[in-house]
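Each chain, written out:
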Amino acid sequence: MTTATVERAERPGRPARSKEPRRGLLTTIARAWDRHWYAWAMVAPVVIVIGVLVLYPLGYGVYLSFTNATAQNVATNIGPVHIPASYHFVGLHNYWQIVSGKDGDFYPRLEWTVIWTVACVAITYSLGLAMAMLLNRPMRFRLLYRLALILPWAVPAFVGVFAWRLMFNAQYGVFNDLINVVGLPSQDWLGTPFAQKVAVIIVNVWCGVPFMMVAILGGLQAVPTELYEAAEMDGASPLQRFTHVTVPGLRPVTSTVILLSTVWTFNMFPIIYLLLGSNTSGDTDILVTFAYEKAFVGISDYAGAASYGIVILLILVAFSTFYRSRIKTEQS
Amino acid sequence: MSATIQRGTARTGTASAGRGTRGRGQRSTGASLALHATLIAASAVAVFPVLWIVFISFGPDSAWQQPGQVVHHLGLDNYRFVLLHSSFPSWMLNSVIVAGATMLVGVFIAASAGYAISRMRFPGHRQLMWVFLVTQMFPVAVLIVPLYNLMARLDLLDSYLGLVLVYCTIAVPFCAWMLKGYFDTIPREIDEAGRVDGLTPFGTFWRLILPLARPGLAVTAFYSFLTAWGEVAYSSQFMKTHYTLAAGLPTYASSIRANWGAMTAGSVLIAIPAAVVFLLVQRHLVTGLTAGGTKG
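Top line first, the protein sequences correspond to chains A and B.
Quick note on UniProt numbering: the first sequence kicks off at 1 and runs consecutively.
Quick note on UniProt numbering: the second sequence kicks off at 1 and runs consecutively.
Be aware that one or more of the hints could be misleading.
[Claimed, not checked] Label-pair restraints from in silico Cβ distances:
1) A:26 <-> B:100: 43 to 51 Å
2) B:80 <-> A:299: 39 to 47 Å
3) B:100 <-> A:229: 48 to 56 Å
4) A:226 <-> B:277: 32 to 40 Å
5) A:100 <-> B:214: 51 to 59 Å
6) B:214 <-> A:142: 25 to 33 Å
7) B:161 <-> A:81: 22 to 30 Å
8) B:69 <-> A:62: 24 to 32 Å
What the hints contain is simulated information worked out from the structure, not anything from laboratory work.
Each residue gets a CB set at the ideal place from its N, CA and C atoms; glycine is no exception.
Could you build all of it, start to finish, from the sequences and the hints given here?
Below, the structure is given as structure tokens:
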């Protein structure tokens, strides 16, 4: 209740303050204010928080990315002594190092990040779709299956990762025993780069399927049953019903979950970082974990990490803009 | 591969039902068996790692090396160690404080914005939705460096307030996005009824919509709690002494003599409360997540 009264009390003051005409074009602004101040007041807290906590640091990060800041030359306080910052502006140097491939890391990391994202999203989506279709029918123990299948999402990711780390152990891990039963040879899962890559993908798929499944299940339930009945009457085969009813009916959900999970996977930090710990040659680092290590392992290269962060963000924004506009043209 | 196979079996199920009687959802025994077998196999894969650490955690602290021995030495030693002889309880307290505060701040701040975006058309409406979407794309790497330096300058490293502020960068846009999706599912007629009865837009929101959106609020709150509860990247850098669970638990594994027993017991203690509540609210969770996206 307190919030309500406080905000209500504040509001009448606001329009009056900025309604003061400042000449010409500003009357339109004043009119817009009159009409919209209520909405603006309601979003104001979020805008302020985002401005202070997200946009300001983002701006600061962009600034850092144009400098050569490292842990050694940023401003620090050692006890009472204040050491001022001694880094300086280097222009586009950091970005040029990245984009030209001169730092030797960007393109290999990008390549693995893309493979990792595509592999994870594709496998997760197919398994999620399969599970959702299996669950989307009346049967016994349905709730039980559903809860069991959601479990990987329900436990915090780092707990799941540790469980897998235990299972993947080359000497004692139970995962090797399990795949031996199926007839596959044992692997040093957390040892060689290639096995590590397979291992992180397995863990990420394990963590990611439940979200896909639940989202797609929601989408499946929204497809009207009449469409299936009509298709059946017209003699459509099960496969035809799948491609002509299910797939189009799922399209809105599909486009959203693929976008979301692409972004999440691209940025997936804890799985790779915690599954492999320090026991990695760096080959399994995706861009995000690479940038994180740049920032906090050894001599912190703040400028380099900041520019990597910006580059990753630009890639994702470009991708999602492109993706959404393609979805829009497809729909119309 | 497996996807196509499973889909195949699933579809055959309905097909054979359709061919016989008209009753939808009736399967032949064979199809039923295949369906249940696939689901049991999938459930086993999903559940096994979790059950495995639960199993190991009841053994002696070297149990992970001899899983076969666990059944003969069942005991609560690991739990005793974790709860009584390690800093686990204080990590847990830190996590509860930070995640709880993040959740409250996130939902309180975001609710009115979510409502405004759901119901009102105003200049900046689209841009704001876009900002919410883009902030969810932020890689850890993009904000962590500037935030780390800013927090160091403000002397907020290793403090609850600092970490809560940092988590708000994730929680606030996320909550606003989720809540907007929930408010969209509440019929607009209710707002109109409120307005006819002389309520201000804020009054409508506060007295009519919020109570109706309570399940949505709960789910959003819970999910933002869980995100903070399981967050690794920020907490392991920002908290040098006041470890949260996600930052503290790895120390069991990385110390010279890794204590996997403690680790498994700790994991179980962390996972169980989270999983129980999660499974209770999961039905409402995805509606909000995807609704925001499709109606953006």
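Hint check results:
no.	hint	in the structure
1	A:26 <-> B:100: 43 to 51 Å	holds, 45 Å
2	B:80 <-> A:299: 39 to 47 Å	holds, 42 Å
3	B:100 <-> A:229: 48 to 56 Å	holds, 49 Å
4	A:226 <-> B:277: 32 to 40 Å	holds, 37 Å
5	A:100 <-> B:214: 51 to 59 Å	holds, 54 Å
6	B:214 <-> A:142: 25 to 33 Å	holds, 27 Å
7	B:161 <-> A:81: 22 to 30 Å	holds, 25 Å
8	B:69 <-> A:62: 24 to 32 Å	violated, 56 Å
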